[in-house]
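**Q** Model the full structure from these sequences, guided by the hints.
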Amino acid sequence: MIEKWSLRFRVFLFFALIALMVPALLGSALWFAAGRIGPESVPHLVLWGGAAGFALIGLVLWVWLKFDDHVVAPINTLTSDLQTLTHTNAEHGIETEPGRYLGLLAPAAREMAIALESAQKKLNQEIEEATRKVELQRTRLETTLRDLNEGVLVCNMNHKILLYNRRALNILHYTGEIGLNRSVSNLLSTPSIAHSLEYLTGQLEIDQSEPEFSAHVVCSTSDGRHIIEGQLSLILDSDERTATGYVVTFDDVTEKLAELAKRDRILRDAVEGLRAPVANLRAATEMLIDNENMDDEGRRQFENVLSEESDHLSKRLQELSQDYREIVTGHWPMSDVYSSTLLNCVVRRFKAEDTIQCLINGDPLWMHCDSLSIVELTERIIRKIAEETSATTFELEPRSEKDKVFIDICWAGELVRSGMLDSWLSESFDECLKGMTGHDILENHKAVIWSEAQADGMAYLRLPLPLAKEDHRPLSFDLHGTGGRPEFYDFDLLKNLDNNQFSERDLRELTYVVFDTETTGLEPSDGDEIIQLAGVRIVNGRILSGEYFNQLVNPGCTIPASSTDIHHITEAMVSDQPPITDVLPRFHDYVGDAVMVAHNAAFDMKFLQMKEAVCGVTFDNPVLDTVLLSAYIHDHSKQHTLDVLAERFGVEIEAQYRHTALGDSIATAEVFLRMIDLMKAKGIHTFADAVAVSEKMVEFRSQQARY
Amino acid sequence: MSKKILIVDDEPNIVFSVEFLMKRSGYEVVSAADGEQAMQLLADEVPDLMILDVMMPRKNGFEVCAEVRNDQRLSDLPILMLSAKGRDAEIKKGLSLGADAYITKPFSTHELVEKVNQLLQRRSEEE
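Taken in sequence, the protein lines are chains V and H.
Going by the working numbering, the letters in the first sequence line up with residues 1 to 707, in that order.
Going by the working numbering, the letters in the second sequence line up with residues 1001 to 1127, in that order.
For the record, the hints were derived by calculation from the structure and aren't laboratory data.
Accuracy of the hints is not assured; some may be wrong.
[Unchecked claim] Below, a list of computed lysine-lysine pairs in the DSS-like style, where the Cα atoms sit at most 30 Å apart:
1. K1092/H / K262/V
2. K1004/H / K1093/H
3. K256/V / K315/V
4. K262/V / K1115/H
5. K1003/H / K1023/H
6. K351/V / K434/V
7. K1003/H / K1115/H
8. K1003/H / K315/V
9. K696/V / K606/V
10. K384/V / K434/V
11. K1093/H / K262/V
12. K384/V / K315/V
Since the model is a prediction, treat every value here as computed from it, not as a measurement.
**A** Structure representation (structure tokens):
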């Protein structure tokens, strides 16, 4: 009890006790004295005794005041200084002035504070340094993974994805189903992965000094369209005996395998297929040679066989050489190149020169070629044309025609004669291209080159190059997000176990897709349509900025100007966008088995559900509504618009994103995450709890509406 | 009496040459253009030797070979396989299915005649 009183109060009590003792002791002393001396002394004793008593009490009071001021107060200041110093801010410092009556205590505390401060500073510096190093390594790892030419997937033992890189995305991303904490079985046919895992974990169990940790895997994508080949390695716990996850590094070998199969077929055809016709020829020839005195009829028949078979053989050879050309040139290392990148290289080569000027026209296109040799060839040809025709300005333009991308070089002047062009192409390039000639370069690209005049009166030189092998159209979800690094991994998922019943699981643990739609109006049953659909995923309480879904939709009807005022989406913007029948199934894959969250979810869900039948998908996911949750958390009579909630929670929506489906989805997701924290404080922990309060709010609101 | 040889091949040009070759070597020749036709001919009459192509429509040489070996009446008919399939595995397959010799196309006509003579001689020795 007494310990709880403040120091000041205890010291006060102590002095108060002394002050009380003064009249008591003095009074009783004088009482005895009066008894001995007699009643005549009483007035004197009272007068002097009283005076002495008051003086003494005054003295005690004065000492107390001084003591309080110079000792107790400084001790209190020092205590609170030391507390601040220890718990929050080491730079707080200690003032010695108030503690000057405390002897060496204040200077000692000050010295300690200084020592603590410098220790803390050093520690902070070390932490900063270490953090910087980790950050650097992390960035390096991210860069390496991102730009690695192989796809990388890291999964836990439940086959949930913890990490993927850009290449994996390119190889496996067809419908938007790749994502953190999604099952790998959405992407790959799993039996061969399961088998490799079984094999490797089996190896671990057998007591072996050096078990294998990786195995070769070949499997197809879940849609069966691509074959991937790669390596599967186990991630082991610190005991080196239990696997906690696995890494698959892989590449798309579909084309390689097809090419190999084709090569095999051609070789087989060349060897086996020629046996029979050659046998026929040889047998007939030997018959003719061995039987000189054959009758004319017989000879004529054998000659027929010879002519027929030679004919047949020539045709076979022709076919074979055609096929052979296709595969034999397929092996020059080439990659998909963006025409503007390549043509800019050409332009830069003439930058320093006054005599030749190059311009790039047209829209850039993707093509498949060896960038360096094409740049060298183009540069040389431009120089030669300039020399020959004294043209000074050249326009370069990529054009897509049928199955080729034409690089057109255009100038005002004469055409180049074919013989001239041939002689240029026969000259070899120096060591940068290992002495290749222009002809070699063209051969590698299965290309021919020619010069022709076109309707605009200009001379053209046309170089057809193969089309890009891969689809380079932008992915449906925005990889770059709205700033910041995309998050490709979450190793916390390694320990994520799925054994809880869904509704009993903590709200923080669930995977959510927070989404928003922009529409032509408010009444889906009156023919209003979705024109934009966006979503963001929340996994492990984190918004995955690398996995946005954001897609404009062609509604197939006019967009009223009144709605364009809100979302700024015009008819021109959606005219070349896919219809909802393409977008909704993709979004369905994107959502997977996540909980769907929206601000005023009933509205958005109504739009989605109107389209379910025509798109062949059903959204039967659990749904949460941030409006209802807000009504529960805050006063239900307050406003719950997204703007109000964002302001209340300090979530900033950049002006350019407000009223875009993606911007509102991100804002709703941010608000939702903060709500989860608040709900926790109110005892709402599980998904079932959240649904219960939502239902209560629906009930409450419908009652309100009745009055 | 001259020995009878059945030539089975779907390419008339090779049948023509081999037929000429065999006749010149003093054999009587019948020919079939595919496996089924060959089996029909074999049902009527058993020749002294069969020259059998492998890749043929309807019934291929391997099937014919296996059927012949399973037929008691035909089981010791010498079979010479003549095939454009020249891999070791295929040669082994032909021989295991019961062919007595396997010659890959293209072949030397001298070698073919020699092999035919050899097989016929061995058979008559066995008898």
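**Q** Would you mind marking each hint as holding or not holding in the structure?
**A** Do the hints match the structure? See the list:
Restraint check for K1092/H and K262/V: the C-alpha separation of about 26 Å stays at or below 30 Å, so the hint holds. Taking the CA atoms of K1004/H and K1093/H, the gap is near 26 Å; set against the 30 Å cutoff, the hint holds. Restraint check for K256/V and K315/V: satisfied, since their Cα atoms lie roughly 28 Å apart, inside the 30 Å limit. Under the criterion of a C-alpha separation no larger than 30 Å, the hint pairing K262/V with K1115/H is inconsistent with the structure, at around 37 Å.
For the proposed pair K1003/H and K1023/H, the alpha carbon gap of about 10 Å is at most 30 Å, so the pair holds. For a cut-off of 30 Å, the pair hint linking K351/V to K434/V stands: about 26 Å separates their Cα positions. Under the criterion of a C-alpha separation no larger than 30 Å, the hint pairing K1003/H with K1115/H is consistent with the structure, at around 15 Å. A distance of roughly 39 Å separates the Cα atoms of K1003/H and K315/V; the hinted pair therefore is violated under the 30 Å criterion.
Between K696/V and K606/V, the direct Cα distance comes to roughly 21 Å. Compliance with the 30 Å bound is thereby established for this hinted pair. As the CA atoms of K384/V and K434/V are separated by approximately 21 Å, the hinted pair is consistent with the 30 Å bound. Note on K1093/H and K262/V: the hinted pairing holds, with a Cα-Cα distance of about 26 Å set against a maximum of 30 Å. The hinted pair formed by K384/V and K315/V fails the criterion: a straight-line CA distance of about 40 Å is larger than 30 Å.
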